[in-house]
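Asker: Listed below are the residues making up each chain.
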Amino acid sequence: MGKLIVQRSLLGIVTLAAASVLIFIGTEILPGDLASAILQNSATPENLAKLRLDLGLDRPAIVRYFAWLFGALRGDFGHSLANGRDVLEEIAPRFANTMFLATYAAVVAVPLAVGLGLAAAIRQGGAFDRLVNVVTLMTISVPEYFLAYLLIKYVAVDLGWFPSLANVSSDTPFGDRLYYAFLPMLTLVLVIVAHMMRMTRASVLAVMASPYIEMAILKGLTKTRIVLRHALPNALAPIISVVALNLAYLIVGVVVVETVFVYPGLGQLMVDEVSKHDVPVVQACGLIFAAAFILLNLVADILSILSNPRLRQPR
Amino acid sequence: MTSEIAGTPIVLDIRAMRVAVRTDAGDGPVLVNDVSLELRRGEVIGLIGESGAGKSTIGLASMGYTRRNCFIVGGQIVFAGTDLRAIDAEGRRALRGLKLAYIAQSAAASFNPAMTLMDQVCEAPVRHKVMTRADAEAAAVHLFRELDLPNPETIGSRYPHQVSGGQLQRVMAAMAMVGKPEVIVFDEPTTALDVTTQVECLAAFRKLIRVHGAAALYITHDLAVVAQIADRIMVLRHGKMIEFGEARQILQEPREEYTQRLVRERTEGHAFIDAKSAGALPVLAVESVVADYVGKPKVIDGVSLEIFRGDTLAVVGESGSGKSTLARVVTGLLPRVAGDVRFNGASLPPRLSNRTRDQLRRIQMIYQMPDVALNPQQTVLDVIGRPVSFYFKRSRKEVRERVLELLRHMDLPEHFIERKTSELSGGQKQRVSIARALAAEPDLIICDEVTSALDQLVGEEILRLLKRLQDELGVAYMFITHDLGAVKRVANKVVVMLRGQMVASGDTASVFAPPYHPYTELLLSSVPEMRPDWLDEVLARRRAKAAA
Amino acid sequence: MRILGHKLSVTAQIGLAIIAVNLIVAVFAPLVAPYDQTTILGDAWADPDIHHWLGLDNLGRDIVSRLIYGARMSIGLALVITALSFCIGIITGFAAAVTGGWVDQALSRLVDLLLSMPTLIFAFVILSVLGSGLPVLIVTIAVLDSTKVFRLARSVAVGIVSLEFVEAARLRGEGWWWIITREILPNAIAPLTAEFGLRFCFTFLFIAALSFLGLGVQPPDADWGSMVKDYRDMINFGSAAPLYPAAAIAILTIGVNFVVDWMLSMHSRGQGEGA
Chain G
1 MGKLIVQRSL
11 LGIVTLAAAS
21 VLIFIGTEIL
31 PGDLASAILQ
41 NSATPENLAK
51 LRLDLGLDRP
61 AIVRYFAWLF
71 GALRGDFGHS
81 LANGRDVLEE
91 IAPRFANTMF
101 LATYAAVVAV
111 PLAVGLGLAA
121 AIRQGGAFDR
131 LVNVVTLMTI
141 SVPEYFLAYL
151 LIKYVAVDLG
161 WFPSLANVSS
171 DTPFGDRLYY
181 AFLPMLTLVL
191 VIVAHMMRMT
201 RASVLAVMAS
211 PYIEMAILKG
221 LTKTRIVLRH
231 ALPNALAPII
241 SVVALNLAYL
251 IVGVVVVETV
261 FVYPGLGQLM
271 VDEVSKHDVP
281 VVQACGLIFA
291 AAFILLNLVA
301 DILSILSNPR
311 LRQPR
Chain Y
1 MTSEIAGTPI
11 VLDIRAMRVA
21 VRTDAGDGPV
31 LVNDVSLELR
41 RGEVIGLIGE
51 SGAGKSTIGL
61 ASMGYTRRNC
71 FIVGGQIVFA
81 GTDLRAIDAE
91 GRRALRGLKL
101 AYIAQSAAAS
111 FNPAMTLMDQ
121 VCEAPVRHKV
131 MTRADAEAAA
141 VHLFRELDLP
151 NPETIGSRYP
161 HQVSGGQLQR
171 VMAAMAMVGK
181 PEVIVFDEPT
191 TALDVTTQVE
201 CLAAFRKLIR
211 VHGAAALYIT
221 HDLAVVAQIA
231 DRIMVLRHGK
241 MIEFGEARQI
251 LQEPREEYTQ
261 RLVRERTEGH
271 AFIDAKSAGA
281 LPVLAVESVV
291 ADYVGKPKVI
301 DGVSLEIFRG
311 DTLAVVGESG
321 SGKSTLARVV
331 TGLLPRVAGD
341 VRFNGASLPP
351 RLSNRTRDQL
361 RRIQMIYQMP
371 DVALNPQQTV
381 LDVIGRPVSF
391 YFKRSRKEVR
401 ERVLELLRHM
411 DLPEHFIERK
421 TSELSGGQKQ
431 RVSIARALAA
441 EPDLIICDEV
451 TSALDQLVGE
461 EILRLLKRLQ
471 DELGVAYMFI
481 THDLGAVKRV
491 ANKVVVMLRG
501 QMVASGDTAS
511 VFAPPYHPYT
521 ELLLSSVPEM
531 RPDWLDEVLA
541 RRRAKAAA
Chain H
1 MRILGHKLSV
11 TAQIGLAIIA
21 VNLIVAVFAP
31 LVAPYDQTTI
41 LGDAWADPDI
51 HHWLGLDNLG
61 RDIVSRLIYG
71 ARMSIGLALV
81 ITALSFCIGI
91 ITGFAAAVTG
101 GWVDQALSRL
111 VDLLLSMPTL
121 IFAFVILSVL
131 GSGLPVLIVT
141 IAVLDSTKVF
151 RLARSVAVGI
161 VSLEFVEAAR
171 LRGEGWWWII
181 TREILPNAIA
191 PLTAEFGLRF
201 CFTFLFIAAL
211 SFLGLGVQPP
221 DADWGSMVKD
231 YRDMINFGSA
241 APLYPAAAIA
251 ILTIGVNFVV
261 DWMLSMHSRG
271 QGEGA
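Chains as they are written, first to last, in the numbering used here: chain G, 1 to 315; chain Y, 1 to 548; chain H, 1 to 275.
Since the hints were derived computationally from the structure, they do not count as laboratory data. Owing to the predicted nature of the structure, the values given are computational and were not obtained by experimental measurement. Ideal Cβ placement from N, Cα and C applies to all residues, glycine included. Just so you know, not all the hints are guaranteed correct.
On the chain H side, residues computed to face chain Y include the following (Cβ under 7 Å) [unchecked claim]:
id : residue
1  : 163
2  : 165
3  : 171
4  : 173
5  : 183
6  : 186
7  : 187
8  : 221
Where chain H lies over chain Y, by a calculated footprint (3+ residues, C-beta under 8 Å) [as the list claims (entries may be wrong)]:
id : segment
9  : 352–360
10 : 377–390
With the hints as constraints, model all of the structure from the sequences given.
Answerer: Printed below as a string of structure tokens:
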């Protein structure tokens with residue numbers, strides 16, 4: 001089993017490396033001259049030459065890639081083309097904000113989703129289950145900005161309970177942060193609770209259909225004991241997988257939500273900088289997002305290996 | 001099995017039980033139709049029938065339990081004076097695992113892979129609060145010993161996947177017995193096991209029942225098995241009771257026609273078939289063939305055989321013997337590593353892709369599971385017609401006529417030609433498979449466990465059909481099976497395989513008569529016979545051998 | 001109501017109705033829309049009235065008409081991309097399943113790699129440099145999405161290939177083309193159709209999200225996502241304008257999901273392993 005974990009971790013590192021290559025290729029080596037893409041209309045021959053030199057575009061691609069990668073590993077992502085500041089300095093506070101929002105949402109969503117999923121599986125077929133099924137199906141179909149604007153219109157503008165713009169900065173006190181970030185958090189929660197709940201329910205139902213559950217019923221065990229002692233340990237692996245996958249999805253969903261609420265996080269930064277063709281920043285953001293995503297997938301894999309009873313006890 | 005039980009108290013009284021399917025879409029078929037029985041203490045009633053007879057449903061319903069969408073819609077199930085249908089779910093739950101115990105068909109699936117065996121064995125009495133954990137463990141170890149399990153002291157600390165199938169089945173029996181139940185339901189407990197393992201389990205179960213004086217319902221489709229263990233036998237068909245009586249009477253003087261058919265097929269003494277090989281050159285000659293899967297030990301090690309025109313050569317073995325792999329080597333799906341396979345004298349290329357279309361045509365195969373052997377989206381015309389058009393390039397009209405002709409040969413109605421294969425029953429599908437093989441006009445047909453997935457009577461009809469076709473067409477068969485009874489019935493030659501090697505070969509008459517190879521003897525002696533004292537004899541013989 | 005012999009649930013019927021309405025609107029847009037999508041008819045953000053049911057937008061154009069024409073772009077684009085991704089995914093997935101060996105291993109590893117990376121981020125990165133011309137958009141998203149179709153197509157094909165009737169065809173000497181089209185494909189239609197619905201929803205939402213973020217469909221073309229982006233500022237003045245295109249997106253996705261959910265539940269319920 002230890003061997004499996006090491007294998008998966010290595011695979012994760014390889015994936016991250018591949019992601020970095022793709023990000024680099026995506027931003028610097030695709031057809032079309034990078035410098036002209038950045039300068040667009042203000043491209044004079046002198047500007048182009050100077051920019052090319054600045055960006056080091058005269059060096060071969062492989063050299064540039066490794067220079068960038070090793071720089072990134074040291075924390076040096078270069079300088080923003082928009083305002084010249086060190087990229088890491090720009091990103092750090094934004095990253096902190098995004099992590100705050102994501103954690104806020106996860107802490108609320110995960111227990112809620114798993115609990116609802118378990119409840120729906122246990123009461124399978126009843127009115128509760130069918131209602132929940134339809135409601136969650138609708139919620140996962142809906143784009144995040146729809147929910148976000150719904151909340152803004154009715155909760156923020158009409159009722160005025162929460163602000164529609166999440167004005168958070170580095171010195172906002174914790175309590176205020178929770179207040180400002182409430183609507184964005186709620187939007188995220190609504191989306192991922194629905195996904196996680198459906199998948200939890202499906203996993204638990206699959207386990208409940210196993211023959212050993214029937215055997216437990218025939219042994220006269222109480223429903224509580226069957227669910228907690230027989231079903232849950234075997235459903236744990238798929239549930240953990242589901243949770244981690246959804247958290248990975250959260251990383252991506254946060255981009256849209258931050259844009260709607262103008263929340264100063266990494267996602268909103270990336271969107272802004274993309275339109276300015278601020279390549280170093282976009283690369284750095286992309287790499288960080290990819291790393292977080294891959295890391296969460298890796299954690300999901302490892303946790304599900306650890307919780308698989310067959311793998312824990314070798315023959 | 002003598003029964004001096006009249007007068008002992010009735011433990012389980014089932015009166016006119018009816019179980020039916022009910023879904024959102026409405027009422028479905030009736031699974032159990034008006035079945036009644038009285039089970040007395042210390043008695044074993046065998047429930048026998050083919051698939052769909054309702055025997056499992058009765059077993060489960062006796063515990064007050066039904067599967068999804070099934071409901072007990074009529075009758076009473078009286079256990080120790082209480083009607084299980086009249087009390088609430090909580091009441092039924094309190095009885096299960098304690099007074100009413102169940103032993104399932106597949107032990108591997110019925111154990112929770114995440115818990116140790118001891119935890120699961122002790123769980124029921126401890127949770128029902130009739131024993132402490134320490135007492136339960138002691139009782140469990142005692143039962144393990146009684147059931148002849150290896151390492152009775154420590155086997156409990158293992159996980160289900162670390163223990164073999166036959167041992168797991170006995171652990172499940174211990175799990176059922178530890179709460180000292182009054183009624184035990186055995187639901188086809190030895191069906192999934194190899195024939196040689198089955199004997200040990202049967203003996204263990206019988207000892208358990210005798211020693212603990214419990215009452216039992218023993219469900220099986222195998223008359224010979226039930227003969228060893230039951231005091232009375234109930235024959236079921238399509239949910240209805242056909243006949244119910246003392247074991248001896250049912251086995252020796254069955255009254256109903258259905259029961260007679262079941263019994264007759266099993267006991268009919270079949271004379272060994274005379275060798276009637278024809279032709280100078282064997283149709284198929286396998287010489288010292290060796291095969292393996294990459295990186296694994298040899299699956300087939302030095303197997304040789306010859307099949308002549310008109311022969312039926314049976315390849316017999318248990319799981320892991322390599323008999324199915326032999327078929328794959330002959331057809332070229334698995335290339336041989338050494339040795340030769342010759343067809344009508346000419347050597348066949350080891351790989352399927354290197355063979356000519358004509359070589360492929362002359363060897364055909366029929367599979368075990370009719371449901372997956374035919375493409376469910378195709379019609380009977382597609383399935384049987386394809387070999388005709390593929391090999392012989394006939395026109396559409398000619399193909400259709402040939403298919404109709406083959407259907408007639410198979411005793412299938414002509415209008416089946418337009419039906420999708422998914423609409424047919426298991427036996428009908430198998431006939432279509434045979435027709436598909438015949439459509440290629442082959443010299444050799446490989447039958448891979450073709451009756452194992454079918455009910456007994458249906459399977460026997462298929463065997464008769466195959467025999468008839470051989471007599472008419474002179475085709476040769478390689479008949480792969482684990483069922484020695486079928487071998488005696490159809491094969492004039494036999495090859496016995498054990499772990500990839502051939503341990504015996506030759507005419508059936510000589511291989512199945514002494515002096516035997518020890519494994520052949522083991523196989524033959526493990527096949528249950530209808531005589532009630534068969535099990536005692538086998539055990540006595542084995543004990544004598546072990547002592548010698 | 002029944003289709004092909006199967007009974008439709010209430011939600012599935014609603015879903016079909018929604019899909020039908022959307023398709024009709026998209027196909028017959030010029031006939032259905034009251035006005036042209038670019039004509040300026042009055043002041044910006046005029047209130048809804050009898051002529052303009054949802055009012056006028058930021059440039060004075062009729063919102064209802066823009067919604068109707070937007071349907072063409074949104075739905076059409078998503079359909080084209082899903083169809084392309086399906087072709088790529090099915091061909092590669094079936095090929096991998098049927099050939100096995102190192103081809104299968106290589107493709108599967110590559111796909112696993114692509115799947116473990118966040119699609120939005122990737123699309124971002126690529127589109128930010130290549131620009132969002134429609135061809136680039138279509139190809140980029142189709143290729144990224146085809147990895148998921150590959151996975152499903154391969155697993156379905158592998159499942160079917162393991163059944164004996166495929167072996168019977170191979171033993172006969174049938175070529176791979178025959179086996180794929182006549183043995184595998186007919187049995188794969190059900191799960192593949194459901195997957196098409198799911199992929200469509202995902203692509204549809206994805207394009208809309210990209211447009212919303214400024215990277216999808218570019219002006220003068222307009223789809224529902226970019227409409228949400230254009231109208232977003234109005235939310236602060238109490239107007240529900242951005243909700244209209246967002247609601248249109250939501251409704252169609254819900255409709256397709258209802259139908260797909262029904263298809264999937266039918267498939268699993270009907271497989272009884274009876275005696």
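Asker: Hint by hint, note whether the structure agrees.
Answerer: Hints, verified against the model:
1. Against a cut-off of 7 Å between C-beta atoms, the interface hint on residue 163/H holds, since the closest Cβ of chain Y lies about 4 Å away.
2. Interface restraint check: residue 165/H against chain Y, minimum CB-CB distance 5 Å, threshold 7 Å, status holds.
3. Among the interface hints, the one on residue 171/H holds; its C-beta lies about 6 Å from the nearest C-beta in chain Y, closer than the 7 Å criterion.
4. The criterion of a C-beta within 7 Å of any C-beta in chain Y is met by residue 173/H, whose closest approach is roughly 4 Å, and the hint holds.
5. A cut of 7 Å between beta carbons decides the hint on residue 183/H: the least distance to chain Y is about 6 Å, and the hint holds.
6. Evaluation of the residue 186/H hint against chain Y yields a held restraint, the C-beta minimum of about 4 Å falling below 7 Å.
7. Restraint check, residue 187/H versus chain Y: the minimum CB separation of about 6 Å is within 7 Å; hint holds.
8. For residue 221/H, the interface hint is violated, since its Cβ never comes within 7 Å of a Cβ in chain Y; the closest pair sits about 42 Å apart.
9. A count of 4 residues in the segment 352–360 of chain Y with a Cβ less than 8 Å from any Cβ of chain H is obtained; the coverage claim is therefore met, three being the minimum.
10. Counting residues of the segment 377–390 of chain Y whose CB falls under 8 Å from any CB of chain H gives 5; the rule of at least 3 is met.
Hint 8 alone, counting from the list given before, is not met by this structure.
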